[in-house]
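**Student:** Spelled out, the chains give:
4 protein chains.
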Amino acid sequence: MPRSVLQTSAADRRVHRHRVRVLYGDTDRAQVVHHARYLDYLEGGRLEYLRAHGLDYRDFEERTKVGMPVVEAHLKYRSPARFDDLLDVETWVAVCSRAKIVFESRILRGDDVLVEASITVACVDVIAERIVSVPEEVKRACLA
Amino acid sequence: MPRSVLQTSAADRRVHRHRVRVLYGDTDRAQVVHHARYLDYLEGGRLEYLRAHGLDYRDFEERTKVGMPVVEAHLKYRSPARFDDLLDVETWVAVCSRAKIVFESRILRGDDVLVEASITVACVDVIAERIVSVPEEVKRACLA
Amino acid sequence: MPRSVLQTSAADRRVHRHRVRVLYGDTDRAQVVHHARYLDYLEGGRLEYLRAHGLDYRDFEERTKVGMPVVEAHLKYRSPARFDDLLDVETWVAVCSRAKIVFESRILRGDDVLVEASITVACVDVIAERIVSVPEEVKRACLA
Amino acid sequence: MPRSVLQTSAADRRVHRHRVRVLYGDTDRAQVVHHARYLDYLEGGRLEYLRAHGLDYRDFEERTKVGMPVVEAHLKYRSPARFDDLLDVETWVAVCSRAKIVFESRILRGDDVLVEASITVACVDVIAERIVSVPEEVKRACLA
Chain Z
0 MPRSVLQTSA ADRRVHRHRV RVLYGDTDRA QVVHHARYLD YLEGGRLEYL RAHGLDYRDF
60 EERTKVGMPV VEAHLKYRSP ARFDDLLDVE TWVAVCSRAK IVFESRILRG DDVLVEASIT
120 VACVDVIAER IVSVPEEVKR ACLA
Chain F
0 MPRSVLQTSA ADRRVHRHRV RVLYGDTDRA QVVHHARYLD YLEGGRLEYL RAHGLDYRDF
60 EERTKVGMPV VEAHLKYRSP ARFDDLLDVE TWVAVCSRAK IVFESRILRG DDVLVEASIT
120 VACVDVIAER IVSVPEEVKR ACLA
Chain G
0 MPRSVLQTSA ADRRVHRHRV RVLYGDTDRA QVVHHARYLD YLEGGRLEYL RAHGLDYRDF
60 EERTKVGMPV VEAHLKYRSP ARFDDLLDVE TWVAVCSRAK IVFESRILRG DDVLVEASIT
120 VACVDVIAER IVSVPEEVKR ACLA
Chain V
0 MPRSVLQTSA ADRRVHRHRV RVLYGDTDRA QVVHHARYLD YLEGGRLEYL RAHGLDYRDF
60 EERTKVGMPV VEAHLKYRSP ARFDDLLDVE TWVAVCSRAK IVFESRILRG DDVLVEASIT
120 VACVDVIAER IVSVPEEVKR ACLA
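Chains as they are written, first to last, in numbering that gives the first Met the number 0: chain Z, 0 to 143; chain F, 0 to 143; chain G, 0 to 143; chain V, 0 to 143.
In short, the hints are calculated from the structure, not lab data. Treat the hints with care, as some may be off.
Any copy, or any two copies together, can satisfy a pair, since identical chains are not distinguished.
EDC-like cross-link-like pairs, simulated, lysine to aspartate or glutamate; straight-line CA separation at most 20 Å [stated by the list, open to error]:
1) LYS99 x GLU60
2) LYS138 x GLU60
3) LYS64 x GLU135
4) LYS64 x ASP84
5) LYS64 x ASP83
6) LYS138 x ASP58
Here the structure is a predicted model, which means the values were calculated and not measured.
When you get a sec, could you build the whole thing from the sequences and use the hints?
**Tutor:** Next comes the structure, spelled out in C-alpha cells:
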C-alpha cells in the first residue's frame, strides 16, 4: 500500500467535522462509492470548515472576485463507502502560505478511515485570470 | 406504463445522431446507468444537433450573452443502459417558437429504445437575467 | 410557461421536508445549479421520505432483492438555485398502486418554488430483472 | 508550484490518446471544468487504453469477477479546460506489478498540458471482497 498522503495529523490540528449521507447516485456498479464522488464530499468539507472559521466563501468570492481553484488533489482510498452510509469528513489546514492553502482530510465511517486526502488550492483573480496572494481574510480563517 | 413523452416522430424530422460510451462512473449500484446521467447524454446530443445545423453554441453564448437554460425535462426510462454500452442519442426539434424550443430525443442501444425525452429550453439574457425571444440564428439552426 | 407537472398539492399530503446545501460542483458555467443535479436532490428527498415513514431503503433492497428504479421523471424548472443556497426538498406520494409509486416534489429556497417534479418508480426483482408488484412494506410507508 | 505527479514520460511509453468533448454540465460557476470531472475523463482514457491493448474491461470484469478499483489518485491541475473544448487524454502504464497498476495521464488541449495525473488501481475479487494479484491477461494488456 502506498504511504499516507497526509503530512500532518488530525490530532494536532483544529479539525472541522462535516457529515455526509451517501446517495444512490454516488455509487457505481461495483456497489461502492465511485472514486470521483469523494472530491465532492471533500469540497463540502472545505466549505463548512471555512464557514465555521468565519469565512462565508460565496460572499467572499462575490465581493472580492477572488476564487480558490484546486491546483492539486491527492487521495488515498483505503476502504469503500457504500450507499446510505453516514460519513464524517474531517478537514483541517496543513499549510497556509502566501501562495497556497493545503487542506488535509479524512473521510470516516464511524472509526474507520475510508479515504485520506490532501487538496491544494491557490487564489485567483477571476477577472484578470491570474494567481494572487492568499488574502488576509482567508488566512485568518485558516489560521484562526 | 405511462404514455410516450414524445409529441412528434423521429421519422418525420431531421434527426441528429450522436454516439456516447457509458462510463463506469455513469452506473449505480443497481449495475445500470443512473437516471440522472441521461440528462448529460441528452445535453451532448442537443449541442451536436446545433453544431451540425450551423450553430456553435459556445460561440453563440459568448457573443450574444444569451443562454438556453432547460425549463422543463420529461424523460421516460424504458430499458436500462449498462456500463460500456455504445448508445445513440437521436435529437430533433419538435417545437421552435418565439418563446421556447422543444427538443425531443430517443436514446438507443442498437434498435432498442432505452429512453425517450422531451427537453424544453428558453432563451435568457444572462446579464439582465430575463427571458428573451429565441434569436433568429437559433431559429435558423432549429428550422434549417 | 408550461402547466404544472404536479397532480396533487403539498397542502393535502403528508409532506416530508429534506434540506440540501448546493455545492460548488453542482453549478455550471451559467452560475446556477445544473439541471441534472436536481435529480440527485430529489433522490435524497425520496430516501428520507421513506426513512421517515419507517422504510430503510438500503435494508429493504438488500433483504428483498427488490429495487425501485425511476421509470419516468418530469421536472419543471421555475427559477435557478445558486451556489451555497440552502434548499428544502418537499416530497410526498401522489400515487401508490400495485404497479408504481408517483412521488411529487417541490424544491424551495425559502418561500420560492424553484423546481417542481414528478418522479415515477416501479419495483423490480433485481435477480430476475422483471417488474413486480409494489411490496406491502413499501405501500405501508407510502400510505402511512 | 508543486512538482510533477508523473514518474515517467509520455515520450518513453506506449501512449494511448482518447478524445473528450467538455459538456456544459462538466463546468462550474468559475466557468471552467470542475476538478472532479477530470477523474471521469481519466477513467474513459484507461478503459480505451485497455481496449486498444486487447482487454475488453467489461467482459473481463463479468467473466472473472475481478474488479480494478482506484486505490490512489494524484492530480495536478495546471490550466483550466472550458466548455466545449476538445481534450486529448493521454494514458500510459508507469508501473505494472503483482500488486498494482499505475496509470499516468496527461490531459491536453492542443499542445497545452492542462492536467497531469497518476491513478493507481488494485485488483479485487468482488465476491470475496479481497485484493488479488493482477491477473495475467491484465498484465499482458499493460505490458504489451
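**Student:** All hints, please: hold or fail.
**Tutor:** Structure-based check of each hint:
no.: 1; hint: LYS99 x GLU60; in the structure: within (16 Å within a copy, 33 Å between copies)
no.: 2; hint: LYS138 x GLU60; in the structure: within (14 Å within a copy, 37 Å between copies)
no.: 3; hint: LYS64 x GLU135; in the structure: within (14 Å within a copy, 34 Å between copies)
no.: 4; hint: LYS64 x ASP84; in the structure: between (37 Å within a copy, 19 Å between copies)
no.: 5; hint: LYS64 x ASP83; in the structure: between (37 Å within a copy, 16 Å between copies)
no.: 6; hint: LYS138 x ASP58; in the structure: within (16 Å within a copy, 38 Å between copies)
The structure agrees with every numbered hint stated previously.
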